[in-house]
Amino acid sequence: MMWEQLIWFAIASTLFWVLGAATAWRENRQGRAMWLSVTGSLIFFAFIVGMWISLDRPPMRTMGETRLWYSFFLSIAGIFVYARWRYKWILSFSTMMSVVFICINLFKPEIHDKTLMPALQSVWFVPHVIVYMFAYALLGAVAVFALYMWLRSSRREPADEEMAMCDNLVRVGWSFLTLGMIMGALWAKEAWGDYWTWDPKETWAAATWLSYLCYLHLRPITKRDYNIAFALILFSFLLLQMCWYGINFLPSAQGVSVHTY
Amino acid sequence: MKTSWYSPILRCVLLFVVGIALQLVVGDFGVAWMRYPWSVIVAINYLYLLVLCYAMEDKWPWARGLRSQHSSVVALASMVVMTVVFGLTRQDGSADGVVGALGFTRMTSSWPFNLLLLNFITSLGLSAIDDWRWVRQRKIAAVISHTAVFVALAAAMFSSGDKLRVRVVAYLDTPTYMAIDNAGREYELPFVVTLREFNIDEYPPKLRLLKQSDNTLSEEYLSSADSVGEIGGWTLRVKEYLSMAGCMEQGGEYCPMQHVGATHAAYVEAHNDSDLVEGWVSCGSHIFAHSVLALPGGESVVMMSPEAKRYTSRIAVALSDKDVRYADVEVNHPVRVGAWRIYQVGYDNQRGRWSTKSVLECVRDGWYGVVHIALWLILASAVVMFITAGGRSLRRKDREEQL
Numbered sequence: 001m002m003w004e005q006l007i008w009f010a011i012a013s014t015l016f017w018v019l020g021a022a023t024a025w026r027e028n029r030q031g032r033a034m035w036l037s038v039t040g041s042l043i044f045f046a047f048i049v050g051m052w053i054s055l056d057r058p059p060m061r062t063m064g065e066t067r068l069w070y071s072f073f074l075s076i077a078g079i080f081v082y083a084r085w086r087y088k089w090i091l092s093f094s095t096m097m098s099v100v101f102i103c104i105n106l107f108k109p110e111i112h113d114k115t116l117m118p119a120l121q122s123v124w125f126v127p128h129v130i131v132y133m134f135a136y137a138l139l140g141a142v143a144v145f146a147l148y149m150w151l152r153s154s155r156r157e158p159a160d161e162e163m164a165m166c167d168n169l170v171r172v173g174w175s176f177l178t179l180g181m182i183m184g185a186l187w188a189k190e191a192w193g194d195y196w197t198w199d200p201k202e203t204w205a206a207a208t209w210l211s212y213l214c215y216l217h218l219r220p221i222t223k224r225d226y227n228i229a230f231a232l233i234l235f236s237f238l239l240l241q242m243c244w245y246g247i248n249f250l251p252s253a254q255g256v257s258v259h260t261y
Numbered sequence: 001m002k003t004s005w006y007s008p009i010l011r012c013v014l015l016f017v018v019g020i021a022l023q024l025v026v027g028d029f030g031v032a033w034m035r036y037p038w039s040v041i042v043a044i045n046y047l048y049l050l051v052l053c054y055a056m057e058d059k060w061p062w063a064r065g066l067r068s069q070h071s072s073v074v075a076l077a078s079m080v081v082m083t084v085v086f087g088l089t090r091q092d093g094s095a096d097g098v099v100g101a102l103g104f105t106r107m108t109s110s111w112p113f114n115l116l117l118l119n120f121i122t123s124l125g126l127s128a129i130d131d132w133r134w135v136r137q138r139k140i141a142a143v144i145s146h147t148a149v150f151v152a153l154a155a156a157m158f159s160s161g162d163k164l165r166v167r168v169v170a171y172l173d174t175p176t177y178m179a180i181d182n183a184g185r186e187y188e189l190p191f192v193v194t195l196r197e198f199n200i201d202e203y204p205p206k207l208r209l210l211k212q213s214d215n216t217l218s219e220e221y222l223s224s225a226d227s228v229g230e231i232g233g234w235t236l237r238v239k240e241y242l243s244m245a246g247c248m249e250q251g252g253e254y255c256p257m258q259h260v261g262a263t264h265a266a267y268v269e270a271h272n273d274s275d276l277v278e279g280w281v282s283c284g285s286h287i288f289a290h291s292v293l294a295l296p297g298g299e300s301v302v303m304m305s306p307e308a309k310r311y312t313s314r315i316a317v318a319l320s321d322k323d324v325r326y327a328d329v330e331v332n333h334p335v336r337v338g339a340w341r342i343y344q345v346g347y348d349n350q351r352g353r354w355s356t357k358s359v360l361e362c363v364r365d366g367w368y369g370v371v372h373i374a375l376w377l378i379l380a381s382a383v384v385m386f387i388t389a390g391g392r393s394l395r396r397k398d399r400e401e402q403l
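Protein chains in written order, with the numbering used here: chain A, 1 to 261; chain B, 1 to 403.
Be careful, since some hints might not be right.
[Claimed, not checked] Result set (DSBU-like, lysine-lysine): computed pairs, CA atoms no more than 35 angstroms apart in a straight line:
{"id": "1", "chain 1": "B", "residue 1": "K163", "chain 2": "B", "residue 2": "K309"}
{"id": "2", "chain 1": "A", "residue 1": "K223", "chain 2": "A", "residue 2": "K88"}
{"id": "3", "chain 1": "A", "residue 1": "K223", "chain 2": "B", "residue 2": "K139"}
{"id": "4", "chain 1": "B", "residue 1": "K59", "chain 2": "A", "residue 2": "K223"}
{"id": "5", "chain 1": "B", "residue 1": "K309", "chain 2": "B", "residue 2": "K239"}
{"id": "6", "chain 1": "A", "residue 1": "K88", "chain 2": "B", "residue 2": "K139"}
{"id": "7", "chain 1": "B", "residue 1": "K59", "chain 2": "B", "residue 2": "K139"}
{"id": "8", "chain 1": "B", "residue 1": "K211", "chain 2": "B", "residue 2": "K309"}
{"id": "9", "chain 1": "B", "residue 1": "K163", "chain 2": "B", "residue 2": "K322"}
[Stated by the list, open to error] On the chain B side, residues computed to face chain A include the following (Cβ under 8 angstroms):
{"id": "10", "residue": "Q69"}
{"id": "11", "residue": "H70"}
{"id": "12", "residue": "S72"}
{"id": "13", "residue": "T83"}
{"id": "14", "residue": "V84"}
{"id": "15", "residue": "F86"}
{"id": "16", "residue": "L88"}
{"id": "17", "residue": "E307"}
{"id": "18", "residue": "A308"}
{"id": "19", "residue": "K309"}
{"id": "20", "residue": "R310"}
{"id": "21", "residue": "R341"}
{"id": "22", "residue": "V363"}
{"id": "23", "residue": "L379"}
{"id": "24", "residue": "M385"}
{"id": "25", "residue": "F386"}
[Claimed, not checked] Listed next, with one range per pair, are the computed distances between beta-carbon atoms:
{"id": "26", "chain 1": "A", "residue 1": "V100", "chain 2": "B", "residue 2": "E188", "range": "55 to 63 angstroms"}
{"id": "27", "chain 1": "B", "residue 1": "A183", "chain 2": "A", "residue 2": "A119", "range": "19 to 27 angstroms"}
{"id": "28", "chain 1": "A", "residue 1": "H259", "chain 2": "B", "residue 2": "A95", "range": "23 to 31 angstroms"}
{"id": "29", "chain 1": "B", "residue 1": "D181", "chain 2": "A", "residue 2": "W52", "range": "36 to 44 angstroms"}
{"id": "30", "chain 1": "A", "residue 1": "R152", "chain 2": "B", "residue 2": "V98", "range": "39 to 47 angstroms"}
{"id": "31", "chain 1": "A", "residue 1": "P127", "chain 2": "B", "residue 2": "W5", "range": "37 to 45 angstroms"}
{"id": "32", "chain 1": "B", "residue 1": "L172", "chain 2": "A", "residue 2": "A119", "range": "17 to 25 angstroms"}
{"id": "33", "chain 1": "A", "residue 1": "A119", "chain 2": "B", "residue 2": "Y36", "range": "29 to 37 angstroms"}
{"id": "34", "chain 1": "B", "residue 1": "I44", "chain 2": "A", "residue 2": "D56", "range": "46 to 54 angstroms"}
{"id": "35", "chain 1": "A", "residue 1": "H259", "chain 2": "B", "residue 2": "A183", "range": "25 to 33 angstroms"}
{"id": "36", "chain 1": "B", "residue 1": "D214", "chain 2": "A", "residue 2": "V49", "range": "36 to 44 angstroms"}
{"id": "37", "chain 1": "A", "residue 1": "K223", "chain 2": "B", "residue 2": "L217", "range": "52 to 60 angstroms"}
{"id": "38", "chain 1": "B", "residue 1": "Y36", "chain 2": "A", "residue 2": "C103", "range": "53 to 61 angstroms"}
Please keep in mind that the hints were generated in silico from the structure rather than gathered at the bench. A virtual CB, placed ideally from N, CA and C, is assigned to each residue, including glycine.
My request is simple: use the sequences and hints to build the entire structure.
And the structure:
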């Protein structure tokens, strides 16, 4: 399985995801919407597994490869949120975002290296990247939803249910960020002897983690101050972008991070 | 703004200002003095003060203020600001300019950062104590995560002077007990290390195009193990690949060779619409020179040095004449010797797979167990938080739907 075959898997996955998203809007079709979406995700996962086998290593090293996982986990995050909270719009959103990242991979695949340096050959590598990608997907979803509620033309105040959804998504996203960060710390101890070295990636990961944690602690005491809540969600998401790929361009991180690829 | 915000904000601003003043007057925040037994004495006293503050909350209103929700949010926000400054500042240890004078170029040693971190840890510690007092009324995920994050951060802070990291360069069959620390000082290890064997697995080297005019390498590459590929308008075909090869004369044929110094070599055919060139390319070794295949138009096919897939040192660690242990040290697989862990970090890159030396790092971390348990507890709390997120509102919603 190589990158040339991505287009066919992408078309098939997108077809099922779109059908699932459309079905979610109809009454009493939750089960069908779920299974259509799950089928789309399974097809996409089959491509990832194929890449894994053909590369003889997990496809998690380059930006293009992590985008594959991001597309996949966006769809999984959408299915998970839909299964748990039944938000009708979430499957449409996750489909759109997954397709955007698939398109980036189709049109700008970048370098796809086949080698995997010894430090990356660890039992922590796969779960560390996967939980981070899942967290990014959830926190991306909540950032877009917060932006919509903040800027919508009706200027309507968010309902309690809408804010509860923001809080839930941030809570789940943050718990996955925590899993990723701690797995990274345990891995770093095995690889280099230190849990935390304040490498630029780690510094921005800490800033992101603290910022979302600040949101979770701020919400109970500023229940009606939506502007601060939305601003903090978006600010935290900007920090997350710095952590994910921003450090590749940041002058202060050039040549000093073991996380720049 | 409500008055409940004033006190925590003022506290953080004051800590920052005091931190800046200390940074300018006494220089960096040093942790060298905080070694066992002082690290343990300071940690115990700090914990005692925390419990005392919590116990005296009714009499000391400021102590209650340290763990208020507003205080937690402001402490978190102050850490967000400091870590963002941390991320935006190049950590080169320079003392030049305003940023350097304030200590932001060596943030972990700067007073403002450490004072605000201490404020954060204190607020967290008091919250953890309160959680355990009212444990039945609290969410279990919050109780575990507050406690575990507090233990991990406090242990990291108080153990920073105790941690020792030294580097050992071990040569084949040569016992050594001398190591070098980060400052270049010699350190005598409590055991003797002898490198018995060094093994390395390599990926097949990559073939790239080198533009001779500006010495730039092509982004695209072809693995020597692959048969054919397109790079920069040329089709490259690997007709023969030898992972252990030698060449008797410069520019001559490569042939299989099982001997120290053997190198990688590939017989490559390169063609485009008008030209066809073929010949040997090799990355060379400490014995053989490298070979390139020159192409018309000022480009050459070059073989890069092979990248390591994994490398392992078989070492003997002697704690005494009678107590000798053998172990394989590999990246991600350190070996434990008492409070020490031995890590594989490097080898002689010039000789590659023929390296006769191995670079090891020995790390002594007496707080390993405490921090490890705290991190696993944080993992567990994150799982619990994920499972229970939104649970109450969901149950309420279900009840409302049933009604």
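Hints and how they fare:
Taking the CA atoms of K163 (chain B) and K309 (chain B), the gap is about 30 angstroms. The hint holds against a cut of 35 angstroms. Proposed proximity of K223 (chain A) and K88 (chain A) is supported: the alpha carbons are some 25 angstroms apart, at most 35 angstroms. Of the supplied pair hints, the one linking K223 (chain A) and K139 (chain B) holds, its CA atoms being roughly 19 angstroms apart against a limit of 35 angstroms. This hinted pair checks out: K59 (chain B) and K223 (chain A) have alpha carbons roughly 30 angstroms apart, not beyond 35 angstroms.
For the hint pairing K309 (chain B) with K239 (chain B), the CA-to-CA distance comes to about 24 angstroms; that is within 35 angstroms, so the pair holds. For the proposed pair K88 (chain A) and K139 (chain B), the alpha carbon gap of about 29 angstroms is at most 35 angstroms, so the pair holds. Between K59 (chain B) and K139 (chain B), the direct Cα distance comes to roughly 28 angstroms. Compliance with the 35 angstroms bound is thereby established for this hinted pair. For the hint linking K211 (chain B) to K309 (chain B), the alpha-carbon distance of about 28 angstroms falls within 35 angstroms, and the restraint holds.
Between the alpha carbons of K163 (chain B) and K322 (chain B) the distance comes to roughly 28 angstroms, so the proposed pair stays at or under 35 angstroms and holds. Taking 8 angstroms as the C-beta cut-off, the interface hint given for Q69 (chain B) holds, the closest approach to chain A being about 5 angstroms. Using the Cβ-Cβ criterion of 8 angstroms, the hint placing H70 (chain B) at the interface with chain A is satisfied: the shortest such distance is roughly 7 angstroms. Nearest Cβ of chain A to the Cβ of S72 (chain B): about 5 angstroms, under the 8 angstroms cut. The hint holds.
Interface restraint check for T83 (chain B): the shortest CB-CB distance to chain A comes to about 4 angstroms, inside 8 angstroms, so the restraint holds. Annotation: interface hint on V84 (chain B) holds; nearest CB of chain A at approximately 5 angstroms, less than 8 angstroms. Evaluation of the F86 (chain B) hint against chain A yields a held restraint, the C-beta minimum of about 5 angstroms falling below 8 angstroms. For L88 (chain B), the interface hint holds, since its Cβ comes within 8 angstroms of a Cβ in chain A; the closest pair sits about 6 angstroms apart.
Taken as an interface hint, E307 (chain B) checks out: its beta carbon lies about 5 angstroms from the nearest beta carbon of chain A, inside 8 angstroms. A distance limit of 8 angstroms between C-beta atoms decides the matter here; for A308 (chain B) the minimum to chain A is near 6 angstroms, and the interface restraint holds. Contact between K309 (chain B) and chain A, as hinted, is supported at the beta carbon level, the nearest pair being about 7 angstroms apart and thus within 8 angstroms. The beta carbon of R310 (chain B) is positioned within 8 angstroms of a beta carbon in chain A (closest approach about 5 angstroms), and the interface hint is therefore held.
Interface hint at R341 (chain B): satisfied, since its Cβ lies 6 angstroms from the closest Cβ of chain A, which is below the 8 angstroms cut-off. This hint holds: V363 (chain B) has a C-beta 4 angstroms from the nearest C-beta of chain A, less than the 8 angstroms allowed. For L379 (chain B), the shortest C-beta to C-beta distance to chain A is roughly 5 angstroms, which falls under 8 angstroms, so the interface hint holds. Hint status for M385 (chain B) relative to chain A: holds, with the closest Cβ pair at about 4 angstroms, below 8 angstroms.
The beta carbon of F386 (chain B) is positioned within 8 angstroms of a beta carbon in chain A (closest approach about 4 angstroms), and the interface hint is therefore held. Checked against the given bound of 55 to 63 angstroms, the beta carbons of V100 (chain A) and E188 (chain B), roughly 59 angstroms apart, stay inside it. For the pair A183 (chain B) and A119 (chain A), the beta carbons lie near 25 angstroms from each other, so the given range of 19 to 27 angstroms is met. H259 (chain A) and A95 (chain B) have their C-beta atoms about 27 angstroms apart, which keeps the hinted 23 to 31 angstroms range intact.
At about 41 angstroms, the beta-carbon gap between D181 (chain B) and W52 (chain A) stays in the expected band of 36 to 44 angstroms. Checked against the given bound of 39 to 47 angstroms, the beta carbons of R152 (chain A) and V98 (chain B), roughly 43 angstroms apart, stay inside it. A hinted range of 37 to 45 angstroms for the beta carbons of P127 (chain A) and W5 (chain B) is consistent with their spacing of about 39 angstroms. Distance hint for L172 (chain B) and A119 (chain A): a CB-CB separation of about 24 angstroms, consistent with the stated range 17 to 25 angstroms.
Between A119 (chain A) and Y36 (chain B), the C-beta spacing of about 30 angstroms keeps the proposed range 29 to 37 angstroms intact. In this structure, I44 (chain B) and D56 (chain A) meet the distance hint of 46 to 54 angstroms, their C-beta atoms being roughly 52 angstroms apart. Roughly 26 angstroms separates the CB atoms of H259 (chain A) and A183 (chain B), a value that falls within the hinted 25 to 33 angstroms. Distance hint for D214 (chain B) and V49 (chain A): a CB-CB separation of about 41 angstroms, consistent with the stated range 36 to 44 angstroms.
For K223 (chain A) and L217 (chain B), the Cβ-Cβ distance of about 58 angstroms falls inside the hinted range of 52 to 60 angstroms, so the restraint holds. Between Y36 (chain B) and C103 (chain A) the C-beta distance comes to about 57 angstroms, which sits within the given range of 53 to 61 angstroms.
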